[in-house]
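Work out the full structure: start from the sequences and follow the hints.
2 protein chains.
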Amino acid sequence: MQNFDYMTPTRLIFGEGVISELPEVMSKYGKKVLLTYGGGSIKKLGLYDRVRELLADWEIYELSGIQPNPKYDPSVLDGVKICKENHIDVILAVGGGSVLDCSKAIAAGAKYDGDPWDLISYKVKAQAALPIVDIITLAATGSEYDCGGVISRTETNDKIGYMDPHLYPAVSFLDPTYTFTVSKKQTAAGCADAMNHIMEQYFCEDSTLQNDGFMEAGLKSLMVNAKKCLENPEDYTARAEMMLDCTYGCNAIYSLGNSYSGWPCHGMEHALSAYYDITHGEGLAIITPRWMKHILNERTVDRFVKYGVNVFGINADQDKFDIAEQTVDATYRFFESIGIPMHLRDVGIDESRIGEMAHHVAENEGLENAWVPLKEQDIANIFTASL
Amino acid sequence: MQNFDYMTPTRLIFGEGVISELPEVMSKYGKKVLLTYGGGSIKKLGLYDRVRELLADWEIYELSGIQPNPKYDPSVLDGVKICKENHIDVILAVGGGSVLDCSKAIAAGAKYDGDPWDLISYKVKAQAALPIVDIITLAATGSEYDCGGVISRTETNDKIGYMDPHLYPAVSFLDPTYTFTVSKKQTAAGCADAMNHIMEQYFCEDSTLQNDGFMEAGLKSLMVNAKKCLENPEDYTARAEMMLDCTYGCNAIYSLGNSYSGWPCHGMEHALSAYYDITHGEGLAIITPRWMKHILNERTVDRFVKYGVNVFGINADQDKFDIAEQTVDATYRFFESIGIPMHLRDVGIDESRIGEMAHHVAENEGLENAWVPLKEQDIANIFTASL
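Read top to bottom, the protein sequences are chains Z and C.
Under my numbering, the residues of the first sequence are numbered 26 to 412, in order.
Under my numbering, the residues of the second sequence are numbered 26 to 412, in order.
In short, the hints are calculated from the structure, not lab data.
Warning: the hint list may mix true and false statements.
Which copy? The list can't say, so a pair holds if one copy fits it or any two copies do.
Here are the simulated BS3-like cross-link-like pairs (lysine-lysine), alpha carbons at most 27 Å apart as the crow flies [stated by the list, open to error]:
hint: 1; residue 1: K56; residue 2: K253
hint: 2; residue 1: K245; residue 2: K210
hint: 3; residue 1: K109; residue 2: K252
hint: 4; residue 1: K253; residue 2: K331
hint: 5; residue 1: K331; residue 2: K245
hint: 6; residue 1: K252; residue 2: K331
hint: 7; residue 1: K68; residue 2: K57
hint: 8; residue 1: K345; residue 2: K245
hint: 9; residue 1: K53; residue 2: K136
So this is what it looks like as structure tokens:
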């Protein structure tokens, strides 16, 4: 078991109707608010109007149009500009993980005098950040309970996972009813994203009995509840359980004391969505089984056996490599069963830029330090197998 | 799934040697420290000398002699007096859960003008508390990661679980090597305490797939690792896993969104250790299987089945009441197997005060609101069955 230093100071306010507590929460952070959101979905939900009504006494500035795979230019830069010009006290992010990720970069940039990219690219360490409150409308990224965000810079094909302890949201509101209208495609992609967060932590050299049990429970719950959500989008309990399952994804509670895994599928997927702007969860679901197949060997096989037996209920009385191969197959088939396109070609990616993407990943994602180290050729092979 | 409002802002610094970070941590909270501890164990460990050496530049006041089932008079009262007279900035609690529980009551009392019992008895709500840093030397209570403590007042036979959000430790240091010298008796009692924390949350009307999986993992890990610790007290990995398992016990992460369970075994055990000053974990282990037997019925049986099948691996292809009875028996036999005396008579309690204790519990612990409501006669019956 490894030493660790852990804290997640975020307050979670969870359940139907909790939004009514928004004014009381916001009153702690000041009167000047930057309200960040994406497209029209929070308006369709009535959530935009509800927030404006609840915060009628606040001075509200807006940054809208934040896209999936949120962009440094214009979103982060525009948000920082609004904060600095108007002396914003607090950011209120309303939407999915992308809106919140973008808001985290804005929160750090607003308290920094130079180019915010200095922070995101880790050239400079943030010394402070604006407080962030969020209202989450999509079960997926876990951004509501971690200190990271992923920002894309189109001109350089960079997609960087930016983490800093200043970026834990102060308060996250999670009302499962706001996810009732999430499409089947996004529900499935959210499930795949959250499952991959767990798998990235599960597949490592050194874990604990409790961590393994936590992660196996998370995976099983996500699979059961995502299917229920797809069958009946207004199943409150299923939406609620899936929402909380996703929340634990990236704040490390699943893997305290575990050895470093390297998050290889995220490293590879970042290139796919930086170059092609695909849905992150779909990219992860496509890559994961191919990565599994690529790293399966005598050293790693026992981990696949444990995962397969405990998560998928695969019969343990078989040759360990047979179990492992059934495990990879079960992972693939689960993603397929929730409607995820399981080939890169299905999401508009062909072989033409695989070499370039593999090179980018090898240069930028540090995957030579992953549990099973990946070099440029390994990455290219995994991409090719995913076509 | 129930609505909830959750936050655990404590920083956990975990692993061998992490104590070297103490000066850096303490420098955030001021120079005047109240160092609290129990008997001589931290001196035997060399931990007392190490702390004094690391904090040579701090102004340190001491409160020692804090007992198991920590006492309002003299410990809490003495600690509050020292804090007020010397304008203490921060409390450093070094020891097990009792030292930390006592320190929490002192932290609240130090910021309150009246009798600290007003706070502990919930007559007055704390408005502030001194910051607390702790170094834990026993894996058991989870006090290092929650905002509660249990305080005994001998003159009135009160033992009250006192919780307040101001009382989360700011920082908890957990070095498993400090638990190498914990006796077999205390190792077993710590395991029973931590297991009971989970069982108190598991046995409720409404839980989630993920919470159940978390709790089952916690229980299984505690059972495996406690046995390893008893066989080889210096097994670092087992001590470390057990220590972290215990940490999650009472901060609600195991049961976010679950319906209220009422923590009935704690309610009953508080009377046993208030009247007889027995070891808390032993009292819990003795009561738990008798409580289980008492509440087993058509309404509760499915929960016992899930617990028995998933935690103890009991064959699921049997009549559900047969499984449930095997589950109760397996729970009893596990506690017995780690050396816990399993009858009240073994720890010096006879029938003479059962009526009085049952009355006290019924009046003070709110168990008529537990998952299975318990009246005075139920409580007396459970005590009698535990003799």
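Each hint, compared with the structure:
no.	hint	verdict
1	K56 <-> K253	neither (41 Å within a copy, 56 Å between copies)
2	K245 <-> K210	within (20 Å within a copy, 37 Å between copies)
3	K109 <-> K252	neither (44 Å within a copy, 58 Å between copies)
4	K253 <-> K331	both (26 Å within a copy, 21 Å between copies)
5	K331 <-> K245	both (14 Å within a copy, 15 Å between copies)
6	K252 <-> K331	both (23 Å within a copy, 22 Å between copies)
7	K68 <-> K57	within (21 Å within a copy, 53 Å between copies)
8	K345 <-> K245	both (21 Å within a copy, 24 Å between copies)
9	K53 <-> K136	both (19 Å within a copy, 22 Å between copies)
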